[in-house]
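Heads up: the protein sequence lines correspond to chains L and X, in order. Just so you know, we're using the working numbering here: the first sequence kicks off at 1 and counts up by one. Just so you know, we're using the working numbering here: the second sequence kicks off at 189 and counts up by one.
Heads up, a few of these hints could be off.
Each computed DMTMM-like pair below joins lysine to aspartate or glutamate, with the alpha-carbon atoms no more than 20 Å apart [to be verified]:
| hint | chain 1 | residue 1 | chain 2 | residue 2 |
| --- | --- | --- | --- | --- |
| 1 | X | K197 | L | E174 |
| 2 | X | K197 | L | E155 |
| 3 | X | K215 | X | E291 |
| 4 | X | K196 | L | E152 |
| 5 | X | K205 | X | E251 |
| 6 | X | K196 | L | E155 |
| 7 | X | K292 | X | E239 |
| 8 | X | K196 | L | E178 |
| 9 | X | K285 | X | E309 |
| 10 | L | K43 | L | D132 |
| 11 | X | K196 | L | E160 |
| 12 | L | K108 | L | D28 |
| 13 | X | K287 | X | E214 |
| 14 | X | K196 | L | D132 |
| 15 | X | K197 | L | D167 |
| 16 | X | K201 | L | E174 |
| 17 | X | K197 | L | E159 |
| 18 | X | K285 | X | E251 |
| 19 | X | K201 | L | E160 |
Worth flagging that the hints you see were computed from the coordinates, not collected in a lab.
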Amino acid sequence: MKELSLNILDIAQNSIHADATLVQILLDETDESLTLSIVDDGKGMSEEFVSRVTDPFSTTRTTRKVGMGLPLLKLAAEQTGGSLAIESRERTLYPEDHGTKVTAFFYKNHLDFTPLGDVVSTVVSLVQGSPDVDFLFRHTFPDHTVELDTREIREVLGEEVPLSSPDVLVWIRETLTEQYEGTDEEDE
Amino acid sequence: MKSLEELKKIREKMQNKVILREGSAEKRIVVGMATCGIAAGARPVLNTFVEEIAKRNLTGTVEVGQTGCIGMCRFEPIVEVFEGDKRVTYVYVNPDKAKEIVEKHIVGGEPIVEYTIGAAEK
Ligand SMILES: Nc1ncnc2c1ncn2[C@@H]1O[C@H](COP(=O)(O)OP(=O)(O)OP(=O)(O)O)[C@@H](O)[C@H]1O
Ligand code: FES
Ligand SMILES: [Mg+2]
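The following block holds chain X by itself, in its conformation from the complex (with noise of 0.2 Å):
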């Protein structure tokens, strides 16, 4: 049974370390969560890249958030990844997809040019 002693434990080892306030990451994932994005699919999309951040040790350095419409309905699920003042856009996500950006984007620094927008406009 889970338990608040647990939980507790959770609190000590935070302590000790410093917790990332908003704004201070160096990348930041955002994937759109208005209802034409829920209902494409983006809460698995949303829960993999929060998996995959915390299984690679990345929560300090990666933010993952949500937004609302992004105003692109039919390209849902929509991920935005931010880093500096460039920003990708990546279409049609889903949990694959998220682990590959994970992989190749977040943790190599290649953007994957071919789940982009301007790949899915042409």
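Chain L with its partners taken away, still in its complex shape (with noise of 0.2 Å):
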């Protein structure tokens, strides 16, 4: 992938068809380092098929064999010197406290790091995509954070209009780049 924030999209795709209702991509960075958790409330993996998911030869779609996203992520982080974790708790086993975490740990200064590129982009896609689904998107720096909060937009919006709407989308790419550019910067 070109970007870090194409690899978290197709990531929290996973997450969304694992059936999740809650979603969080969070991010947190350093001068030195960069770590990607994504967490859902979906149905989980058993501990079996967690050990053999970043082989790429896992995957339990029919249409190919190959699962190719989490393998994908662990390349671009161990690639940096970093690493990928994956923790899961399955729905049948777990029926209170299902999920999964994935979690990839990045060093930024190494030449093989991939620019987290356009993850405002990722953001919109994934309410577009699933717009009864909810996002908690938070990206932390030394100094400030980011964060979108879809639960929020959704009470306000009430129940009549969807996540997907185009006003409400063009609203989160508006907030979420206003939030990068900083809050203090002249009116254009």
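Put the two chains together into one complex, using the hints given.
Structure follows, in structure tokens:
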């Protein structure tokens, strides 16, 4: 993938396919590192499945034998000297608190670090495709935080207005872009 | 600063409109967003369709959706346009082609044959 934000889009789709109602996309940045966590409350995976899911020859999909999403993220992390970890609790075994957490750790200054890219478009694409799923996006820097919680948006919009409405998607794009640009900039 | 106030305005504006329920649109544009599609450039293609449909006020009649694997990785990004029981499959789509598809096929009613899978397979 050309941008890490594309891996994020891809991995978050896994959470959606696992029937998550809330998907959290958490980015934590320091001067040297970037930690990405994607946390969902979906149906989870068995311990045995987790142990081989980053091997590109495992997938539960029937159309094609090879799942590439997690192996690609693992590669992106490891090529910076970082790592990937997956924790999962299967719904059948943990009916009360099931879900999956994928954590990727990157060394940002490594030559092979893939830039994050357009993460705002990733969030917009996710909301567009799954307006009934909630997303918490939080990007933490040493001195500020960029955040979007669709549960708050949903509360304001009420039940009749889908989150995938064009005006809402524009609002989401602008609110995130403004937060990335910083709030203390002059009006244009 | 974007505010929740603005969201309230969007809500008020939308409440006066009849909101489209899934399946009621005349045309449906579906973008393949599996890993291979995303890697090949599906995200900007999707966002171009979303923006073009909104810009032309076609939200009530044209739906933009996402799907997983279409089973033809080497043709990604793949876009399918459904209208009634007709389906047109576009391959190697990029944002420029997406704009053209909206203009000529969605608005103009004429599929762009040279961008379809039939043409690519020749
Ligand atoms: N968050 C998750 N919750 C439950 N199962 C998951 C989750 N993430 C991955 N999986 C399981 O792991 C498999 C492999 O995921 P991976 O993203 O590597 O490939 P894929 O989604 O099958 O295919 P693609 O290459 O299109 O992404 C999935 O098919 C799914 O069964
Ligand atoms: S994974 Fe490429 S089209 Fe299905
Ligand atoms: Mg996947």
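Assess, step by step, whether the Cα of L:K43 is no farther than 20 Å from the Cα of L:D132, and give holds or violated.
holds (17 Å)
Is it true that the CA of X:K196 sits at most 20 Å from the CA of L:E152?
It holds: about 12 Å lies between the C-alpha atoms, which stays within 20 Å.
Holds or violated: X:K197 and L:E155, Cα atoms, limit 20 Å.
Holds, at about 14 Å.
Assess, step by step, whether the Cα of X:K201 is no farther than 20 Å from the Cα of L:E160, and give holds or violated.
This hinted pair holds, its Cα atoms lying about 12 Å apart.
Please work out if X:K197 and L:E159 have their alpha carbons no farther apart than 20 Å.
Holds, at roughly 15 Å.
Does X:K285 pair with X:E309 here, judged by a C-alpha cut-off of 20 Å?
The hint holds at about 18 Å.
L:K108 paired with L:D28 [C-alpha distance capped at 20 Å]:
With Cα atoms ~12 Å apart, L:K108 and L:D28 stay inside 20 Å; holds.
Can the restraint linking X:K196 and L:D132 be considered satisfied, given a maximum Cα separation of 20 Å?
The hint holds at about 19 Å.
Straight-line Cα separation of X:K285 and X:E251 no greater than 20 Å?
holds (18 Å)
Straight-line alpha-carbon gap X:K196 to L:E160, limit 20 Å:
Holds, because 13 Å separates the two Cα atoms, which is no more than 20 Å.
Do the alpha carbons of X:K196 and L:E155 lie within 20 Å of each other, as the hint requires?
Given pair X:K196, L:E155 holds - Cα atoms ~10 Å apart, limit 20 Å.
Satisfaction of hint between X:E251 and X:K205, Cα-Cα up to 20 Å:
holds (16 Å)
Going through the hint list in order, the structure satisfies each hint without exception.
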